[in-house]
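Undergrad: Listed below are the residues making up each chain.
Protein chains: 2
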Amino acid sequence: MRKAMMRSFGPPDVLELVEAEIPSPKPHEVLVRVTSIGMNRSDVDCRQGIYPVKPHLPSGIGWEAGGIVVQADENSTFKAGDRVSSLPCSKFVDVTDYGRTADYFVANAEWLTNTPDSVPDRDAGAIWINYLTAYGALMDVGKLEQGETIVISAASGATGIAAMQIAKLSGARVIATTRSDDKCDRLLAAGADHVINTRTEDYVCRALTLTGDRGADFIFDPITGPFVARHLEAVRRNGRVLIYGVLTYPEFASFDPDVLINKHITLRGYTVDDPYLTDRSALTAAIRVISDHLDEGGLRPVICRRFPLEQVVEAHEYSESGQQFGKILINP
Amino acid sequence: MRKAMMRSFGPPDVLELVEAEIPSPKPHEVLVRVTSIGMNRSDVDCRQGIYPVKPHLPSGIGWEAGGIVVQADENSTFKAGDRVSSLPCSKFVDVTDYGRTADYFVANAEWLTNTPDSVPDRDAGAIWINYLTAYGALMDVGKLEQGETIVISAASGATGIAAMQIAKLSGARVIATTRSDDKCDRLLAAGADHVINTRTEDYVCRALTLTGDRGADFIFDPITGPFVARHLEAVRRNGRVLIYGVLTYPEFASFDPDVLINKHITLRGYTVDDPYLTDRSALTAAIRVISDHLDEGGLRPVICRRFPLEQVVEAHEYSESGQQFGKILINP
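Just so you know, the protein sequences line up as chains A and B, in that order.
Under the working numbering, the letters of the first sequence match residues -10 to 321, in that order.
Under the working numbering, the letters of the second sequence match residues -10 to 321, in that order.
Hints in this document: simulated from the structure, not taken from any laboratory.
Just so you know, not all the hints are guaranteed correct.
Said to hold, decoys possible - A few chain B residues that face chain A, going by a derived Cβ cut-off under 8 angstroms, partial list only: (1) Pro41; (2) Lys43; (3) Pro44; (4) Leu46; (5) Pro47; (6) Tyr233; (7) Phe241; (8) Asp245; (9) Pro246; (10) Asn251; (11) His253; (12) Thr255; (13) Leu256; (14) Arg257; (15) Tyr259.
Stated by the list, open to error - Here are the simulated lysine-lysine pairs, PhoX-like style, with alpha carbons at most 20 angstroms apart: (16) A:Lys132 - A:Lys157; (17) B:Lys252 - B:Lys132; (18) A:Lys252 - B:Lys43; (19) B:Lys132 - B:Lys157; (20) B:Lys252 - A:Lys43; (21) A:Lys15 - A:Lys68; (22) B:Lys68 - B:Lys15; (23) A:Lys132 - B:Lys68; (24) A:Lys252 - A:Lys132.
Said to hold, decoys possible - Covered by chain B, according to a simulated footprint, are these stretches of chain A (three or more residues, beta-carbon under 8 angstroms): (25) 235 to 244; (26) 259 to 272.
Think of the CB as a built atom: it goes at the ideal place given N, C-alpha and C, for glycine as much as any other residue.
Working from the sequences, and respecting the hints, build out all of it.
TA: Okay, here's the thing in structure tokens:
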């Protein structure tokens, strides 16, 4: 089989496709033929060597994939032919040996789930990291309520779009932010109630105007760094700011603590592990809700672009180009 | 009557005692003869002109006081002779006209309560700001649980000591921090399980050692600024950090957002208004619990030093000297 390997940490061209043995599943593991690999920011960070979990080199790469079960324990909940996709479980998978940017991968059955009926095999890598990240943040941790206003920043990413869809299903009002006029139009078409172009408009001023000077109830942000101080201005008294990424790496967050204190703001760090790594029943419930909404059409992954496996370098290049709107997939 | 007035914002000697008319209560207001005035950090900040609510000059000063009712509405819940003390309600009292560093003050009956039986008149200004601030933070907002470990930083202040007592009553383990060896001993005597002298010891290292490298469950901090980054190191995964003061004013808080994100830390700004300004039933319940514990001896205000009203300048000077251990009172 083919498998993407990193020789060193660095730009996209540290990646190369190599021939490798099809891995053998151990007990409780499942062998999957890959039909869809999801690109995430964590893949770029991993390749650059700045992701918190750093693999040993040379290393595989890629956490998110879906496909068809080839081989499984006879005691397993899965059997050959099942359509499956990987659940986010970054702390459990060491991409050094188990990188999923490949024709096959093995996974512990516990961290696979059935691909929803409405999701074709080629999109099976476009679901769980984004929808579970957004659902966990907005619903399980952030308790977004009907009628609330949420700011979703850097909304053009796949998790931003997933969050917009979940927020709208919950009856919330969505203010999306982006840095390009072209994406403003696409975000409105994708369901945002309002869009702020933070490159050309004063984000705080616009957010306050859009909320009658009250401030947003909730802000969901993967940018952080200097944006944190601005979020504290844009959120309402007793509001909440969930940060889940560091697009401004390695900039620190810096702000006037008086603002956090006097507005009683909750600033919370979040990853998808937060609600789901230790609470299996919450994970199962979230998977069920997301699957149902996918099958009923309330949630619909937006696929930005597809690359064949031999263009893994181009996929990484594109992922860093800032053009992304929705999910980038690699289809072997 | 005598009343402390600020001519300008600045050092303690901008204050002077002047003769003033005894104020007349309007409907729903109560006239109180003052027996005890509580000094708080907010008084110092107000005098320096850095408190968020800035009075017009010349201005009175002082939010916390207790004493004996002289005059009240006949429909009031209070009558002449009642022992009362003021509840924290910074957003409702404009010290420009209603400064309580005086022989008398008027207050809306809604923001007075009965002084607990066990608290003598001369200590009536030593209860509510500190115990409600600590109780609201630890119990109503922070949900401190039995067996948890809490770091209480700058623990020698009256709110720090109140928090230590409440934490111990709740079955939590207390790590107190201070910057003097002398106060280390006094904090241990006052109930802290462990003390860290942050001037001579590595705070993060010691906090991790004391928690078996796990980190504290909860940190309650009035310092902020550069301490925020250290708290994020010292708190456990999924832990919570409540900040309620800015002793490092005007320093900003600055930290690596990756730490907040990957540890799923909740960093929350807090003032006593947070749980109690809009939730009267929570306030009533907290007053009841605190009163009962005061009367039963589980909570005991530590009085640091008393000043007569004519020494209001000295009281402010002392309050800024860093020698404080417990509550500074002015007894007219």
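Undergrad: Hey, does the Tyr259 (chain B) contact hint survive, CB to chain A under 8 angstroms?
TA: holds, 6 angstroms
Undergrad: Are Lys252 (chain B) and Lys43 (chain A) close enough, with their CA atoms no more than 20 angstroms apart?
TA: Judged against 20 angstroms, a Cα distance of about 17 angstroms means the pair holds.
Undergrad: Does Lys43 (chain B) pass the interface hint, meaning its C-beta sits closer than 8 angstroms to a C-beta of chain A?
TA: Check failed: Cβ of Lys43 (chain B) comes no nearer than 13 angstroms to chain A, outside 8 angstroms.
Undergrad: Is the interface hint satisfied for Thr255 (chain B)? The criterion is a beta-carbon contact with chain A at less than 8 angstroms.
TA: The hint holds - Thr255 (chain B) has a Cβ within 8 angstroms of chain A, the shortest such distance being about 5 angstroms.
Undergrad: Quick check on the hint: Phe241 (chain B) CB to chain A CB, less than 8 angstroms?
TA: Check passed: Cβ of Phe241 (chain B) comes within 5 angstroms of chain A, closer than 8 angstroms.
Undergrad: The hint names Pro44 (chain B) as touching chain A; please verify it with the least Cβ-Cβ distance against 8 angstroms.
TA: Violated, because the Cβ-Cβ distance from Pro44 (chain B) to chain A comes to roughly 16 angstroms (cut-off 8 angstroms).
Undergrad: With 8 angstroms as the cut and Cβ atoms as the points, is Pro41 (chain B) at the interface with chain A?
TA: At 5 angstroms from the nearest chain A Cβ, Pro41 (chain B) passes the 8 angstroms test, so the hint holds.
Undergrad: If you draw a straight line from the CA of Lys15 (chain A) to the CA of Lys68 (chain A), is it 20 angstroms or shorter?
TA: holds, 15 angstroms
Undergrad: Tell me if the straight-line CA distance from Lys132 (chain A) to Lys157 (chain A) falls inside 20 angstroms.
TA: Distance of about 14 angstroms is within 20 angstroms: holds.
Undergrad: Hint check: is the beta carbon of Pro246 (chain B) less than 8 angstroms from a beta carbon of chain A?
TA: holds, 4 angstroms
Undergrad: Quick one, is the His253 (chain B) hint okay against chain A at 8 angstroms, beta carbons?
TA: holds, 4 angstroms
Undergrad: Holds or violated: the stretch 259 to 272 of chain A covered by chain B, criterion of 3 or more residues with Cβ-Cβ distance under 8 angstroms?
TA: holds (count 4)
In this structure, the earlier hints numbered 2, 3, 4, 5, 23 are contradicted, and the remaining ones agree with it.
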